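Protein sequences, first through last, are from chains A and B. Counting along the first sequence from 1, when you hit position 298 you're at 298 in full-length UniProt numbering, and nothing is skipped either side. Counting along the second sequence from 1, when you hit position 288 you're at 288 in full-length UniProt numbering, and nothing is skipped either side.
Derived from the structure by calculation, the hints contain no laboratory data. These numbers come from a predicted model, not from an experiment. Be a bit skeptical, because a hint or two may be false.
Pairs count within a copy or across copies, as identical chains cannot be separated in the list.
What the hints assert, rightly or not - Simulated crosslink set (DSS-like; lysine-lysine; CA at most 27 Å straight-line):
1. LYS762 x LYS50
2. LYS229 x LYS189
3. LYS119 x LYS299
4. LYS702 x LYS756
5. LYS75 x LYS673
6. LYS75 x LYS548
7. LYS189 x LYS234
8. LYS702 x LYS673
9. LYS299 x LYS430
10. LYS643 x LYS756
11. LYS673 x LYS683
Number of protein chains: 2
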Amino acid sequence: MEYEKNPLQEDELQKINAYWRAANYLSVGQIYLRDNPLLKEPLRPEHIKKMQMGHWGTTPGQNFIYVHLNRIIKKYGLNMIYVSGPGHGGPALVANTYLEGTYSEVYPRISQDTEGMKKLMTQFSFPGGIPSHVSPECPGSIHEGGELGYSLSHAFGAVLDNADLIAACVIGDGEAETGPLATSWHSNKFLNPEKDGTVLPILHLNGYKIANPTILARIPQAELESLLKGYGWKPYFVEGDEPFAMHQTMASVLENVCKDIQEIQYHARIEENNNCPCWPMIVLRTPKGWTGPKVVDGKQIEGTFRAHQVPIAEPDNNPLHLQQLEEWMLSYKPEELFDDNGHLIPELQALSPEGEKRMGANPHANGGIFLKDLIMPDFRDYKINLPAPGSLDASDTLTVGGFLRDIIRLNAHTFRLFGPDETLSNKLDKVFEQTNRQWEPEILPSDDFLATEGRVMEMLSEHQCEGWLEGYLLTGRHGLFNSYEAFIHIVDSMFNQHAKWLKVCAGLPWRRPIASLNYLLSSHVWRQDHNGFTHQDPGFIDHVANKKASIVRVYLPPDANCLLSVMDHCLRSRNYVNVIIAGKHPAPQWLTMEQAELHCTKGIGIWEWASNDAGNEPDIVMACAGDVPTLETLAAISILREKIPSLRVRVINVVDLMKLQSSTEHPHGLQEKDFDMLFTRDKPVIFAYHGYPWLIHRLTYKHANNENIHVHGYREEGTITTPFDMTVLNHLDRFHLVINVIDVLTQLGDRYAALKQDLQDKLILHRHYINENGEDMPEIRNWEWK
Amino acid sequence: MEYEKNPLQEDELQKINAYWRAANYLSVGQIYLRDNPLLKEPLRPEHIKKMQMGHWGTTPGQNFIYVHLNRIIKKYGLNMIYVSGPGHGGPALVANTYLEGTYSEVYPRISQDTEGMKKLMTQFSFPGGIPSHVSPECPGSIHEGGELGYSLSHAFGAVLDNADLIAACVIGDGEAETGPLATSWHSNKFLNPEKDGTVLPILHLNGYKIANPTILARIPQAELESLLKGYGWKPYFVEGDEPFAMHQTMASVLENVCKDIQEIQYHARIEENNNCPCWPMIVLRTPKGWTGPKVVDGKQIEGTFRAHQVPIAEPDNNPLHLQQLEEWMLSYKPEELFDDNGHLIPELQALSPEGEKRMGANPHANGGIFLKDLIMPDFRDYKINLPAPGSLDASDTLTVGGFLRDIIRLNAHTFRLFGPDETLSNKLDKVFEQTNRQWEPEILPSDDFLATEGRVMEMLSEHQCEGWLEGYLLTGRHGLFNSYEAFIHIVDSMFNQHAKWLKVCAGLPWRRPIASLNYLLSSHVWRQDHNGFTHQDPGFIDHVANKKASIVRVYLPPDANCLLSVMDHCLRSRNYVNVIIAGKHPAPQWLTMEQAELHCTKGIGIWEWASNDAGNEPDIVMACAGDVPTLETLAAISILREKIPSLRVRVINVVDLMKLQSSTEHPHGLQEKDFDMLFTRDKPVIFAYHGYPWLIHRLTYKHANNENIHVHGYREEGTITTPFDMTVLNHLDRFHLVINVIDVLTQLGDRYAALKQDLQDKLILHRHYINENGEDMPEIRNWEWK
């Protein structure tokens, strides 16, 4: 396509360049200055911060992009947000939101005058101030620039179901080397051009990472173009270092990009031609640290990795450096940009969009503004009708699938389900009675549940699922990530960053609450009958439990009715990360809906119907958390009832794991007296737990009875085998639990030595039987709770 | 390039097809049969496994690849290993290694006769048998097929410094959607064609994942070709479903691939033209479940996602299914392939390479065979000469850099350093006195430490670094991964898989020990002066501690001499994962080399020179683990000495974190009496710890004094600020430690209320000072241990 080479008239060109200079000036000021913001007096060492921090390298390029995006937003009335992948470019986003006025609206202290500019510069990367990268504190951002690799998936998440929105996404060439970013280019196959918005990737090639060149900047141009086309994009190249020529090229390319987007949307929305389109993108190649010092101390800076952070190292100690910094800053001619009071001059102010069109003020980037409660069907309508505990088997996830199906039906534009090709495998089949998987490439007749529009997003990349969902939540919608328990570790680090984002936002009143990040983990450690040892890892709970107690919640519903109640609770919550772990295979059901609701509301409780302590102090407490541990505990109770009927046993089930913590450590934690009421202060507790056993000790260590708790959990033993054999391998099975009871109750020791021996024999018999037959002994297979 | 269209003569063609049929036959047999392996009698339900497991979909394609690789290995005498990315194709690799004889050599029980074949089939995906995916049990494998995404980086790691080796790497089209795989195509930019071997990627497009089509199989062919060329590869396409035509095409393409590799190596090795070459690769497009049942129960199977696992569901219950299975298996005509005793007929046996040329027997895939001890310089030669504790500052990682430099010098072909562009940032600068970063694309004059050959591998992808290193270790070499502490979580799941691999290998005597996977984590949680909250996460330790105690080790050297000693120890070890966390900024040094060596050998010990309990029972124990906690503990000791000189304080430093566990839980764990000797049974312990505080409780919960331990650690509070302020935010600083001492020693409470108030005032003063000045109060900055 041909396009106008020089679309900017001289006046506009000069103004755009001046606006860019203003942003660059403020950026350098943030890195270096604590006083003399307008350089009204000669720069002296006391004006300089004692520690200069920040990343200059990426900043001028991002300032360049921002002013050009401002231009097309104004010209075409676009609804656009800015996602900054090369995250350390904090100075750029702070400078631009300040120039457009949003920064001062959010933080009136940082006013648009000399005093405010001084504070703006001082606070940057300063104790008690703001971080050096784009952070939650920065208006207009939904993407923290700490860890790299997720910008593009966040951008895609943001525009799903926002047909009108464009997410301009700046991707650093360092970031582009990460795995998550490398595969996120393929997100274009999952974007419906009719119903969803647009992502405009701007790959910013500034050539270097911290100390190395980047791959995409050093491969031949033809190879890069081939790569991006292979990813299904239409790349435009904007390359150079001469500012005025670059302004013209960028403006011209953006005109074309707008035309392309318009055409794609016209085809899809008016002509209803929904072929997976080839969206435009931009490759912007500029020198790292563009417009900064060319040479310092005899070494080339601009255009090399040395421009990455602080290009002039010691202006507070080295007079030559001080002079060079002053010359650099004055090269932007601040006196032409700001008036005497530090106001940006009106003709430059006029370049930025107005009101919510400003990218710093776009409400999508403070998504809680749009957040509406989900319309929720009554979860009780999906209940398992249970005549008696253990009287029938059901699949927990299959059951909750019906609930999710109707949530999808009732919230056709504000709820999505994400997962790495495991929605069916995790038995959430029922959602496909209502919707499909969204997929834009070719669909064949033999495919199931694929359509160009659908509420289920599946790509075999946990990173994409997590990134899309985060972007979707951060822009004010709701969602659920379903995954195999073991492989959710793939996004450990992404979860970290999101939990940190939520924690910081909790201290920013202007950031409106968003829907919680909900995980439904199935195909869990105990049920890897097909897959074995590699698929067994319950440690995500431990990982999550390290994050701020005000943010994280972990639920282990023991059956389908409890899962329904927990799911209802989590989907209504705000600003949390909720982890739900549930079984998918048919398994015994324990609680009626009424019991389940009460139990889940309390989060922890005595199961009276399984206990026989009848209001007295028990001899022993049998606690359990998780579906398989609950089953084995109840099977152990059966044995105890029959063999040691005089033993007073209390059964406690834990749904909300954080109940085990002290109330001083977690808002859900039990008060000391409540914990003691349940677990006693001195009776032995045999605790059958879903995950790594140590976590129970870590959670309960403040409680009096901690040292009497004997935890059975996953001890990293496993292979392909039956679920019961898995519990045997890890000593979580009914026999080991009963043996543990006999061992800890010394009064039983002698009397029940024969029983213990019998159980040990059973374990040996089990091993022989399973090795021979590949299935459990009939006594295990046919066990029923009575 | 033109190549011969039909290189196979009729006889060879027939034999290759027969060999493929044999592998397919054995694969189906593994999924279904427990008896009647050669189908000598009509198939009956009792011949069928009660649970049929395994993944048929990918299997025939991999069998196809294997027989063709065998052909070129024989023809050209190649030295090749096989990496199976679509990991669930276990039946294929087991079948092929059985056919070539290696399986029976490793497991004589699984003999090459009817009885052995029956056992081979029965053991597959059977309790007590072998997993359904390619696992450590499978000879010839260095890559577990559990989690997806790492095959290509493992393959690259394997061929580094193995000029002669070719790693054929089958990549599943599902796997290809993962982030790590998507960026691992770029590994070709890091492979030196003269000194390193070759990776031959074979992208296997079978069209479907579990329940979805795959992206790469559904994009237009031109786009796929563009993508692969953009990644810098030369793709050959082998596509179809007619076996004989496919055999001819595959053979023909492999001939060309061999020529291409030969030419590249000729250019690089003879002509010394080292331009980053464009290596050949293959795209193999075949139907999923190729040669399997076309239709079952009226639904299309072959060529759809329904062929993913077990295509015929109920042959044990459904007579029609049983008949269909029998027809399917007989379609391979086993009677033409195996003699009456179950031997593969000689003319087919002759197709496989011999001895170590067989991919199942290639010693590179049992890398311990090649493993030699590193030639180690004396770590004591790099020591910090320390007149007295705390008398000088040094950077720990800078110091160990000299040691690493000389290890690189002395082990020019068997040791590499991996990291995501952080070797300089982590202050390992000295390694560049000896070597460079290996980088094949263009190198500019302004670049530092780049060369086409070098021992440092840097790509901004922790996934690649981890994958390359694992591949390098698994083929019998040594290495070290240096990374920022927070972002090592990116590879949590890869670490899981490697730790599981090591655990399983420990039970396989034929798998020879390999060098440990060593992590050096710096830029840690307490020193994120530049980067702040997003870069603060010490939880990798917790993650590692969940894995099998026989595999994992965690070290927190408090100073440079300790780091040297620990590094020496780790680099000499085998079959472990060692995590070392060390500081990079100049910090006080505490121990002479002699003291450090003794201290690190014990792993935990009393620092007598800092204690004043002089052989008596102390009033209080001050314990510390990590460089910053050690500093704050000693600063707290200074205050206590001055203000409460009568207090008997014992100082314990922990280097080897697992020492804190009970000896019943970890091989390094202390015996109860030894723990009690150090920590007493009842005196309060103030423990300043590097990471999340709860881990200390989890590690020590079996010890008597656990309930008196008061742990100070990272509580997820942080921002950009000074290191001291970070400790204040998390209550790990000297003042909080002393206040804690006063609080727990009730006898001090009244007497030292004024001191406590004074310290609390100091904390307030600190906050004011730092917010105002952006740096610590002079008393903090200038503190010295005396």
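Here is what the structure says about each hint:
1. Taking identical chains as interchangeable, the C-alpha atoms of LYS762 and LYS50 lie at most 27 Å apart only when they sit on different chains, with a minimum of 22 Å there against 72 Å within one chain.
2. Taking the closest pair of Cα atoms, LYS229 and LYS189 come within 27 Å of each other both inside a single copy (13 Å) and across two copies (20 Å).
3. With identical chains, the CA atoms of LYS119 and LYS299 are never at most 27 Å apart, being 32 Å at best within one copy and 69 Å at best between copies.
4. Proximity of LYS702 to LYS756 under the C-alpha cut-off of 27 Å is restricted to the inter-copy arrangement: shortest distance 25 Å between copies versus 33 Å within a copy.
5. Proximity of LYS75 to LYS673 under the C-alpha cut-off of 27 Å is found in neither arrangement, the shortest distances being 65 Å within a copy and 78 Å between copies.
6. Within a single copy, LYS75 and LYS548 get their C-alpha atoms no closer than 44 Å, and across copies no closer than 61 Å, so neither meets the 27 Å cut-off.
7. Both within a single protomer and between protomers do LYS189 and LYS234 lie at most 27 Å apart by alpha-carbon distance, with minima of 14 Å and 25 Å respectively.
8. Taking identical chains as interchangeable, the C-alpha atoms of LYS702 and LYS673 lie at most 27 Å apart whether they share a chain (12 Å) or sit on different chains (24 Å).
9. In the homo-oligomer, the alpha carbons of LYS299 and LYS430 lie at most 27 Å apart only across protomers (20 Å), although the nearest pairing inside one protomer, at 64 Å, exceeds that limit.
10. When the C-alpha separation of LYS643 and LYS756 is checked against a cutoff of 27 Å, the pair qualifies only within one copy, where the shortest distance is 11 Å, while the shortest distance between copies is 59 Å.
11. With identical chains, the CA atoms of LYS673 and LYS683 are at most 27 Å apart both within one copy (15 Å) and between copies (26 Å).
In summary, the structure is inconsistent with hints 3, 5, 6 from the numbered list given earlier, while agreeing with the others.
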